Amino acid sequence: MSVHAPQPVVVTGLGAVSSIGIGVQAFRQGLREGRCGAKPIEAFDVSGFEYANGCEVTDFDPEQLLERLPVHEFGRASRFAAAAARMAVRDGGFTTEALRAAPGLVAVGTTDGESRDLDHLALVQVTEGPEHMRPEVARRVSAGRLSLAAARELRLENVEAVSVPTACAAGNYAIGYGLDALQAGDVDFALCGGADALCRKTFAGFYRLGTIAPERCQPFDAERRGILTGEGAGMLLLERLDAALARGAHIYAEVLGYGLNCDADHPVAPNEQSIARCMSLALADAEVRPSQIDLISAHGTGTKANDVTEVAAIRQVFGSCPPRTISVKSMLGHSMGAASALASVACALAIDEGFIPPTINHVTTDPACPIDCVPNQSVPAELNIVLNNALAFGGNNAVVVLARHRNGHRAGHVPSPVPFV
Amino acid sequence: MRAARSTATAVPSQFDGAPVSRACLVPDFEPREVLGRKGTRSMDRATALAITAVGALLEQLPGAHAAASEEMALVLGTSTGSVASIMSFTRDSLTGNKPFFVEPGRFPNTVMNCAAGHSAIWHRLRGPNVTLAAGRSTGLMALNYARRLQCRGRARAVVCGAVEEFSSERAWLDWHLASPSHGERLLGEGGERLLGEDDDRLLGKDDERLLGEGCAVVMLEPPHPGANPPLAELMAVQTGMFADAEHAGELLVRCLERAMGTTGISSHDVWAVAPCDAPEPLGEQERAALAEVFLGDVPLSLSAGRLLGDTSAASVAFQLAALLAAAGDAPDANGRYALLTSTDADGVVGCALVRLAGGDPA
Numbered sequence: 001m002s003v004h005a006p007q008p009v010v011v012t013g014l015g016a017v018s019s020i021g022i023g024v025q026a027f028r029q030g031l032r033e034g035r036c037g038a039k040p041i042e043a044f045d046v047s048g049f050e051y052a053n054g055c056e057v058t059d060f061d062p063e064q065l066l067e068r069l070p071v072h073e074f075g076r077a078s079r080f081a082a083a084a085a086r087m088a089v090r091d092g093g094f095t096t097e098a099l100r101a102a103p104g105l106v107a108v109g110t111t112d113g114e115s116r117d118l119d120h121l122a123l124v125q126v127t128e129g130p131e132h133m134r135p136e137v138a139r140r141v142s143a144g145r146l147s148l149a150a151a152r153e154l155r156l157e158n159v160e161a162v163s164v165p166t167a168c169a170a171g172n173y174a175i176g177y178g179l180d181a182l183q184a185g186d187v188d189f190a191l192c193g194g195a196d197a198l199c200r201k202t203f204a205g206f207y208r209l210g211t212i213a214p215e216r217c218q219p220f221d222a223e224r225r226g227i228l229t230g231e232g233a234g235m236l237l238l239e240r241l242d243a244a245l246a247r248g249a250h251i252y253a254e255v256l257g258y259g260l261n262c263d264a265d266h267p268v269a270p271n272e273q274s275i276a277r278c279m280s281l282a283l284a285d286a287e288v289r290p291s292q293i294d295l296i297s298a299h300g301t302g303t304k305a306n307d308v309t310e311v312a313a314i315r316q317v318f319g320s321c322p323p324r325t326i327s328v329k330s331m332l333g334h335s336m337g338a339a340s341a342l343a344s345v346a347c348a349l350a351i352d353e354g355f356i357p358p359t360i361n362h363v364t365t366d367p368a369c370p371i372d373c374v375p376n377q378s379v380p381a382e383l384n385i386v387l388n389n390a391l392a393f394g395g396n397n398a399v400v401v402l403a404r405h406r407n408g409h410r411a412g413h414v415p416s417p418v419p420f421v
Numbered sequence: 001m002r003a004a005r006s007t008a009t010a011v012p013s014q015f016d017g018a019p020v021s022r023a024c025l026v027p028d029f030e031p032r033e034v035l036g037r038k039g040t041r042s043m044d045r046a047t048a049l050a051i052t053a054v055g056a057l058l059e060q061l062p063g064a065h066a067a068a069s070e071e072m073a074l075v076l077g078t079s080t081g082s083v084a085s086i087m088s089f090t091r092d093s094l095t096g097n098k099p100f101f102v103e104p105g106r107f108p109n110t111v112m113n114c115a116a117g118h119s120a121i122w123h124r125l126r127g128p129n130v131t132l133a134a135g136r137s138t139g140l141m142a143l144n145y146a147r148r149l150q151c152r153g154r155a156r157a158v159v160c161g162a163v164e165e166f167s168s169e170r171a172w173l174d175w176h177l178a179s180p181s182h183g184e185r186l187l188g189e190g191g192e193r194l195l196g197e198d199d200d201r202l203l204g205k206d207d208e209r210l211l212g213e214g215c216a217v218v219m220l221e222p223p224h225p226g227a228n229p230p231l232a233e234l235m236a237v238q239t240g241m242f243a244d245a246e247h248a249g250e251l252l253v254r255c256l257e258r259a260m261g262t263t264g265i266s267s268h269d270v271w272a273v274a275p276c277d278a279p280e281p282l283g284e285q286e287r288a289a290l291a292e293v294f295l296g297d298v299p300l301s302l303s304a305g306r307l308l309g310d311t312s313a314a315s316v317a318f319q320l321a322a323l324l325a326a327a328g329d330a331p332d333a334n335g336r337y338a339l340l341t342s343t344d345a346d347g348v349v350g351c352a353l354v355r356l357a358g359g360d361p362a
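Going line by line, the protein sequences match chains F and Z.
Residues in the first sequence are numbered consecutively from 1, following the numbering used here.
Residues in the second sequence are numbered consecutively from 1, following the numbering used here.
Please note that the accuracy of each hint is not assured.
What the hints assert, rightly or not - Just the calculated beta-carbon pair ranges, DEER-fashion: (1) P222/Z with A5/F: 50 to 60 angstroms; (2) E223/F with K98/Z: 24 to 34 angstroms; (3) F29/Z with H266/F: 49 to 59 angstroms; (4) E223/F with E246/Z: 56 to 66 angstroms; (5) D16/Z with E50/F: 54 to 64 angstroms; (6) A305/F with V34/Z: 30 to 40 angstroms; (7) G93/F with G17/Z: 37 to 47 angstroms; (8) V34/Z with E33/F: 39 to 49 angstroms; (9) A381/F with R124/Z: 55 to 65 angstroms; (10) P62/Z with G354/F: 47 to 57 angstroms; (11) P367/F with K98/Z: 41 to 51 angstroms; (12) D242/F with T95/Z: 51 to 61 angstroms; (13) F101/Z with V124/F: 17 to 27 angstroms.
By construction, these hints were calculated from the structure, which means they are not laboratory data.
All figures in this text were calculated on a predicted structure; none of them were measured in a lab.
All C-beta atoms, glycine included, are put in the ideal place defined by N, C-alpha and C.
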């Protein structure tokens, strides 16, 4: 930690586009109910695959959810990002005039960017020839456009608008970046999160690797078969505590800190030591001890490899009695760049309302994954400090620490130096 | 750069089906020849360019690398990763006997952080590993991200830059972006393609508007004993977003004024500017903004684009490299300031301000 005491940064608005609900209310309800977003994929032609379930967002109406964005100039992931950003701002009680007046950061994480459009362009390329690609689709594919869409929807000019394509850890990267920019005093607000849209490319790739589950996603289960690809967007509105208190904003949670590291080992397989180190970095940055963590929101994809490796890393850091450890991917599928953003939204809601979203589709805990995954039913719980993991291809790991914040006081925080393991 | 020699060359046949006959390619860059045959069978061009550039940078470090790899960070910019990899993987799915007849070894190439992740594996960089995208202005974002990592103590040494590969797919996307009527002009009545030798002239392209490629990276670290002499100090980065291209210039002026204002310098202190020279009308907006800020007396203006072509997301990184190279040859630059500017058609404009320090980037 740096020598000066940085201003606390809090979450004052949330936006969610997901297969279990669009909008914070529906999303929260879905989490509490343990709703499953899995259904047969309609987004692309699935003939030839033996099975093709996914967690698709089938009721997204851009006309209803977007006010300013010229929808046809932006791809699906950008529209998701813009809609979630609009929701977060509205939820946070900010007027767009107030936002426009202040310097801000808009950071949107993603894995695939506009790969749905690239799917389409590839199809045109093979069926008609590349000269027949539609220019308006070609214009949409630059990954930077996801953050631009959010900024444009809100008519923001005085913003640093950047996309963070760090695969399945991207949402946490964006949130951490917001924390740093706010604590540096460079910006007065940060809209941070992640977005992705279902695409054939990603489904085919994971299918070929044997990591797509035939029916449902079952993290930590003995019979788990892999992921379900998903889509959506999660966006969080962050600001410094003094500003939030001054305008009487509702505070969901505080972003206590985060850790970033890289396995530098294998392009796709997770590395236990490196994951453990990333969690330790996050705890040290947040100045909390492992024993103070009440809940871990795991990366928890539901693949054989991830779950066993991640739980082993958790037990390395937290000992033989780790905190309850859930995976919201059981409900949302793997929404790629949106995953850790939606999980962060879920953690913020869990902290604010005092409940733990369940790991659904759970039948038997794998003995090789010895944790309490809060199976199938959400439970009430007072959560003071929560860890949210994100572990991506390329060995890109990002772990965020969120904490309860009430009446201007940080719950459960013990600001003493912690030994860094 | 010193010889001011263009890298424009004929597009070799390996870029099958590209709609352009000339591009600015990294000369003789064959990944398996440059990096060897081990671990490169499925490697895409962008990843190979990044690994090579990062390796060349690390070789210049005086022995600090091995000890510091746990904390060495990498921040790399891109447009869309390797669009060639993404589209060819998808084509395999579309044309194969089964939709899952795709090469698993190439799946990581279809994810945009591939170059950064592989560079970390190759060079054992275990600190924060970040990929960013903001169109032509990506390099500004990368510099700012690297600066914040250091301010916040998340990394000491940060390898920072951007990469862009040439490919047939990228060329096609660029071709369609340049003018929506291309398709109409260059297709015959039956929809057959009319491309031929004169295409580039047909499209009104000269060498400056050819697509380029490459990777440029710098090392950002706090001064310490035993370090290489510094080339420059990063003072400020300011960016904004326009809704209308007509306002790009005035937004850039505000960014420039803010960057110079927070640093406490005036236009007289600036030795050189390295603009991105975006395609019109943004190039004109950029020049107008500089003219306004410098009251018509614009200092030395360096252009990497003329020689390197359009390197898209790597533009600012190459602008910085060109600037540092020029400053290394000019003793009067030492202690003075320089600006990188960028205007991107999707909306992001901005600048980075550096103070030149006189080291030689040999």
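For this session: Identify every previously stated hint that the structure contradicts and give their numbers, smallest first.
Result: Per hint list: 1, 3, 5, 7, 8, 9 and 11 violated.
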